[in-house]
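S.K.: Protein sequences appear in the order of chains E and A. According to our numbering, the stretch in the first sequence is residues 1 to 316, in order. According to our numbering, the stretch in the second sequence is residues 1001 to 1444, in order.
Please keep in mind that the hints were generated in silico from the structure rather than gathered at the bench. By construction, the Cβ of each residue, glycine as well, lies at the ideal position given by its N, Cα and C atoms. Treat the hints with care, as some may be off.
Stated by the list, open to error - Covered stretches of chain A, going by a simulated chain E footprint (3 or more residues, C-beta under 8 Å):
| hint | stretch |
| --- | --- |
| 1 | 1072-1080 |
| 2 | 1248-1260 |
| 3 | 1301-1314 |
As the list claims (entries may be wrong) - No more than 30 Å apart at the CA atoms, straight line, and that leaves these computed lysine-lysine pairs for DSS-like:
| hint | chain 1 | residue 1 | chain 2 | residue 2 |
| --- | --- | --- | --- | --- |
| 4 | E | 162 | A | 1333 |
| 5 | E | 162 | A | 1437 |
| 6 | E | 144 | A | 1437 |
| 7 | A | 1193 | E | 162 |
| 8 | A | 1066 | A | 1130 |
| 9 | A | 1437 | E | 81 |
| 10 | E | 88 | A | 1130 |
The lines below spell out each chain.
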Amino acid sequence: MSTTQVSQARTERVTARRVKRRYAHNGAALLFLTPWLVGLLFLTLGPMLVSFYISFTDYSILAAPSWVGLDNYTTMFTSDKLFIQSLKVTFTYVAVSVPVKLIFALLVAMLLNKGIRGLGIYRTVYYIPTLLGGSVAIAMLWRKMLGGDGLLNGVLAMVGIKAPDWVANPKYALYSIVLLSVWQFGSSMIIFLAGLKQIPPEYDEASAVDGAGPVRRFFYITLPILSPVIFFNLVMQLITSFQSFTQAFVISNGSGGPVNSTLMYSLYLYKKGFSFFQMGYASAMAWVLVILIGVFTLLVFRSSKLWVHYEDGGKS
Amino acid sequence: MLNTKKWVTLFCLSLLMFATACSGGSSSPSASSNEGEEGNTSGKIELRMTWWGSQTRHDLTTKVIKLFEEKHPGITIKPEYSGWDGYFDKLTTQVAGSNAPDIIQMDYAFLTDFARRGALLDLTPYAESKELRTEDHDKSMLKAGSIDDKLYAITLGVNAPGVIYDATVFQELGIEEPQESWTWKDFSDVAAKIAAEKGDGFYGSADVSGTTNMFEVFIRQTGKGLFDGGTLTATSEELQQWFDMWGALRENGGATSAEVTASTTNALETRPISLGTAAMDFAWSNQLLTFQQVNKNQDHKLAIQVLPHGVGEKQIGEYLKAGQFLSGYAKTKHPKEVAMFIDFMVNDPEATAILGSERGVPVNASIREKMQPTLPEAEQAIFQFIDVVSKNSSEIDPPYPQGFSEVDTSFKSASEQIAFGQGSTPDVIAQFIEGAKATLASSQ
């Protein structure tokens, strides 16, 4: 073996060791990431691909799927009245609950920002509904409270008002679910509160000195500075509202009734799949929902250029 | 190159760990299954059993399971019970995931769907080998549990639809209790009269215009079944008659208002008769007991009568129905033990004594005879009612066609639409018929 060969071998060994060390470092990271990667592969990506395939089949769960091409998608848009109804219900729900919830959250956040005593307690108390809100128990409680002889109507009866059964009347049932969703304003509120705390008080003081009233100060100072936070909350709420399921499921006893007035998109999807044995159709619906949410999120992002202001001019 | 390989190995290795960790739980029963098949009774066999029902049923069924486990020390049965709502959704999911319970309480409405799609165990060989004794079972009930000449389900109890009524309210108002010969007109008159006498907030009957089972009896009275093969046979005139009758009752308080009906669920505790706000409700005979137990006015006595007859009916609409069935899961690892347990539950004197008639009158005739004299008054009433119906009824129609659950849902929705005044009755009916036909056609 010549000297050049020896030195070459040595350099090779050294580089190999270096590379090895670098990858060993990455290896540890990958090892720790594995549970997540496995989850992503088997619990998210895998099922998504399968569902995409199933959406082109007629699949009754109990028998093997059979290929039907685009049938599920065409039926949906041409002859399924309940699909259209579920879209209507969901759009109404999103259009009403998201803005109302955000406005309410912002109002409460501004009140809490005034530096009242026991702020921590209030923050917690207002946040609790958000923690509980998705649960079945709360939805059941809500049904009892707003029912024909529930707590609310009991109070109204005391002052002589004969109120309808809020959850069993198709005119109001959806709005009782909207109310339940607005009541869970906590997480948006906490984020707003954090945003408000970021606004330097000097701005407010300076404009007050210049003679701007509280309304003017709110619209010209607070809102523009807060707009990135509003943007974030809006996107988050939009996405979750499109997918909401539990409340409608529990309040309508799984039926989406009365008269399909609370037949949310996900509820109808669930019924198609698990009650009517049409998993192919349900999968197709799921993909339409993905596209819908994507489109709406994109629209909000596009529109954000017009109304979201970053203090550094959005250059960061 | 070497390094990529290395991390791939690492990844695969951890995958393997993940996979083995997952299968750890399920590996033990499969191990015991081999022992069971070799006839080694010392090996523990674990079966899962699922059913729906009320708390009473849960208590009684768990007792029977305990008794079975005492007599067969090698077998344990894990109960999985729930209410009716969502039961079949869950079961479907479990079947799809090849993870359904070994023993399944089945309903007539879903039997065809599950059997035809290969989810249920064919019990015929076990019936032939007498591991599952059926000689004392009513022939019509064996027929009800068979699809395409294969036995898929054993009747747990015989039921019949009826009108449950609060006899105390009838006596209090001096109104004659329903007779076996009563008609829908009699029913409407009585309901309206009760409402008028009791005043606002009390109804003659629960509005069951959206309950397909009860409408089915109304249609059977015209001499045909609700479905023929895979089509709906009810005409728009018949639907119109049915909804008009209930519409008139809602007007005069004879039936619950749209809102009250919409807030009523299948849970017997929420029915107006249980809350003390109505005098009548439509139900299955086995439910009389539970209705009595959950009634708010415990001093009130409930009774049951046949469904009202049609005016000029062509045949009696009443029928005997297998209330619930027990089926095995097609992919169970212990089909023999499943058959053994089903046999135990319907033929063992001790087990049937525990179960009583909570699921309906027992299907085994000799057990039924032995049991009747020993029963408390309320249960005797159910036995007597079944006797009455046995004499005056027509044969049950074949199980509902595939796609029924969707038709059932839209029937309920149509009745709600009419009750809430959303759209004219003829329009709603036309829409319902069109939708039902399309659904049934695409499900065959």
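S.K.: Taking the hints in turn, state whether each one holds.
M.R.: Hints, one by one, checked against the model:
For the stretch 1072-1080 of chain A, the proposed coverage by chain E is not satisfied: 0 residues have a C-beta within less than 8 Å of a C-beta in that chain, short of the threshold of three. Counting residues of the stretch 1248-1260 of chain A whose beta carbon lies closer than 8 Å to any beta carbon of chain E gives 3, which meets the minimum of three for the stated coverage. Beta-carbon proximity to chain E at under 8 Å applies to 0 residues in the stretch 1301-1314 of chain A; the threshold of 3 is not reached and the given coverage is violated. For the proposed pair residue 162 of chain E and residue 1333 of chain A, the alpha carbon gap of about 59 Å is over 30 Å, so the pair is violated.
With a C-alpha separation of about 42 Å, the suggested pair residue 162 of chain E and residue 1437 of chain A falls outside the 30 Å cut-off, and the hint is violated. Between residue 144 of chain E and residue 1437 of chain A the alpha-carbon distance is near 37 Å, which puts this suggested pair outside the 30 Å criterion. For the suggested pair residue 1193 of chain A and residue 162 of chain E, the alpha carbons sit about 25 Å apart, so the restraint of at most 30 Å is met. Distance restraint check for residue 1066 of chain A and residue 1130 of chain A: the Cα-Cα separation of roughly 23 Å lies within the 30 Å cut-off, and the hinted pair is therefore satisfied.
Simply put, residue 1437 of chain A and residue 81 of chain E have alpha-carbon atoms about 14 Å apart, close enough for the 30 Å limit, and the pair holds. Note on residue 88 of chain E and residue 1130 of chain A: the hinted pairing is violated, with a Cα-Cα distance of about 57 Å set against a maximum of 30 Å.
Hint violations for this structure: numbers 1, 3, 4, 5, 6, 10, all remaining hints satisfied.
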